[in-house]
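Line by line, the protein sequences are chains A and B. Just so you know, the first sequence maps onto residues 0 to 98 in numbering that gives the first Met the number 0. Just so you know, the second sequence maps onto residues 0 to 251 in numbering that gives the first Met the number 0.
In short, the hints are calculated from the structure, not lab data. One thing to keep in mind: the hints can contain errors.
[To be verified] Keeping only pairs whose Cα atoms sit at most 20 angstroms apart, straight-line, the calculated EDC-like set for lysine to aspartate or glutamate is: (1) Lys25/A with Glu144/B; (2) Lys25/A with Asp38/B; (3) Lys16/A with Asp56/A; (4) Lys78/B with Glu36/B; (5) Lys16/A with Asp65/A; (6) Lys25/A with Asp65/A; (7) Lys16/A with Glu81/A; (8) Lys16/A with Asp70/A; (9) Lys16/A with Asp151/B; (10) Lys16/A with Glu212/B; (11) Lys16/A with Glu28/A; (12) Lys16/A with Glu87/A; (13) Lys16/A with Asp150/B; (14) Lys78/B with Asp131/B.
Keep in mind it's a predicted model, so treat the numbers as computed, not measured.
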Amino acid sequence: MSEHSRSYRFAVNVTPKPGILDPQGKAVERSLPHLGISGVTGVRVGRRVEMTVTAADAAAARAVVDHLAGDLLSNPLMERFEVEALGETEAPATAGVGG
Amino acid sequence: MTTRVGIVLFPGSNRDIDAVNALNVAGAEPVVLWHEETDLAGISGILLPGGFAYGDYLRAGVIARFSPVMRAVADFAAKGGPVLGICNGFQVLAEAHLVPGALLRNRGLRFVCRQVTLLPEQMDTPFTRELDARRPLRMPVAHGEGCYFADDATLDALEADGGVMWRYANPDGSIAGPDDAGNPNGSLRGIAGVRNAAGNVAGLMPHPETAVEAILGSDDGLGIIRSLVVSAAEWASTGTIAGTRAVAEAAR
Chain A
0 MSEHSRSYRF AVNVTPKPGI LDPQGKAVER SLPHLGISGV TGVRVGRRVE MTVTAADAAA
60 ARAVVDHLAG DLLSNPLMER FEVEALGETE APATAGVGG
Chain B
0 MTTRVGIVLF PGSNRDIDAV NALNVAGAEP VVLWHEETDL AGISGILLPG GFAYGDYLRA
60 GVIARFSPVM RAVADFAAKG GPVLGICNGF QVLAEAHLVP GALLRNRGLR FVCRQVTLLP
120 EQMDTPFTRE LDARRPLRMP VAHGEGCYFA DDATLDALEA DGGVMWRYAN PDGSIAGPDD
180 AGNPNGSLRG IAGVRNAAGN VAGLMPHPET AVEAILGSDD GLGIIRSLVV SAAEWASTGT
240 IAGTRAVAEA AR
C-alpha cells in the first residue's frame, strides 16, 4: 500500500426497481398476518453490501464503489443502487471481520 | 472430422454431464472447458450448461460473467461462433449482456422442476434448424430464477426482430402468459428463450439436453442440440452460419 493511500468504508444498498415484481417481498408481506401484524405494505427485499476501499482519496474510493456497484452488485435492468459513504477507517478491515 | 463443441464448466455447474451426453447423442465431440480456460482453439461451438455457477451468489450468473472463460466466449461470439446457454447458462449470457433481458425470481415463489411445453417461434435459425416441424416440444425445467424480464420497449423490439426463439405453451397450444398454467415462472409474454441481435447466441431456461432420448421421457430437445452441432460445423468450415447477421450490422 502506498503511504498516501487511505481507507474508506462504504455500503451499497441494492433494491428491486419500482414496478419489478419482488416475490421475496411478497412472501414476507404474506407472512405478517401470522405474526399478528397488519397495516404493512410495499415490502421490497434487497441486499446491502459493505466494503473498505483503499485509494488515494475519498473521490477515488467512491469511483471504485460506483463502478463495482453498477457492474457487479446490481443489474440495472431490474435493480437500482445507492452508495452510502460511511467515513474513513484506520486500516483495511480483514475479510469477514468488517467494521 | 467430428465437430468439437465446448461445454463450459463453472464451479457449481451440474448439468455438464447431461450436456456431454446430449452432444454425444447428437454426433459431436464434447470438450469440457474449465472456467479458467481462455483458449478456445479447435472449438466450433459453445454450450453453457445448467447448474448454480459460483453458488448463484449475488445474482444467478453474474459472477460467472467475469470468469476468464467468459471473456473467451464473448470473443468467440463476436466472431460469429454459435453459443447456446441452457438454464443457468442462459442466466450467465443475460448477465454478460450477450443476450437481451434478465431472469428474475420465479413469480410463484417456488423452485420449479417439471415438464413444460415449448413452442419454437423461429425455425431456420442456428438453434432450431434441425427441428422437424414447428410443433410443441416437451422438456423439463428446473430453476428458481427463470422469470424472463425486459422492459416493454425492449420486448417490442425483440419481437419485431424475431428475437424470441421459444415460448411456453398451454396444453391447448396457445402461448402461456405470465399467469397461465403452462408458464412455469411468470416470464413476460411467455418467453422461454431469446437470441442476440446477430443471431448466433441464444439462451433458454428449459433443458433440451436432458430430453434427447426416449428413455429420458422425451427426445424433443435433440433437434435443438443437433442444430447447435450443425451450426458449429458450418461455422468451422465457412466462418459464418446461415441465418445470422454480421455483428456490426446487427448493432445498427
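We went through each hint and held it up to the structure:
With a CA separation close to 15 angstroms, the supplied pair Lys25/A and Glu144/B stays within the 20 angstroms bound. A distance of roughly 45 angstroms separates the Cα atoms of Lys25/A and Asp38/B; the hinted pair therefore is violated under the 20 angstroms criterion. For the suggested pair Lys16/A and Asp56/A, the alpha carbons sit about 31 angstroms apart, so the restraint of at most 20 angstroms is broken. Between the alpha carbons of Lys78/B and Glu36/B the distance comes to roughly 18 angstroms, so the proposed pair stays at or under 20 angstroms and holds.
The hinted pair formed by Lys16/A and Asp65/A meets the criterion: a straight-line CA distance of about 17 angstroms does not exceed 20 angstroms. The straight-line distance between the Cα atoms of Lys25/A and Asp65/A is roughly 29 angstroms, outside the 20 angstroms bound, and the hint therefore fails. For a cut-off of 20 angstroms, the pair hint linking Lys16/A to Glu81/A stands: about 12 angstroms separates their Cα positions. Proximity of Lys16/A to Asp70/A is assessed by CA-CA distance (about 16 angstroms); at most 20 angstroms being required, the pair is judged to hold.
Of the supplied pair hints, the one linking Lys16/A and Asp151/B holds, its CA atoms being roughly 15 angstroms apart against a limit of 20 angstroms. With a CA separation close to 42 angstroms, the supplied pair Lys16/A and Glu212/B exceeds the 20 angstroms bound. In summary, the hint linking Lys16/A to Glu28/A is supported, as the alpha carbons are separated by about 18 angstroms, within the 20 angstroms threshold. Distance restraint check for Lys16/A and Glu87/A: the Cα-Cα separation of roughly 30 angstroms exceeds the 20 angstroms cut-off, and the hinted pair is therefore not satisfied.
This hinted pair checks out: Lys16/A and Asp150/B have alpha carbons roughly 12 angstroms apart, not beyond 20 angstroms. A threshold of 20 angstroms between alpha carbons decides the hint, and for Lys78/B with Asp131/B the separation of about 28 angstroms lies outside it, so the pair is violated.
The earlier numbered hints that this structure contradicts are 2, 3, 6, 10, 12, 14.
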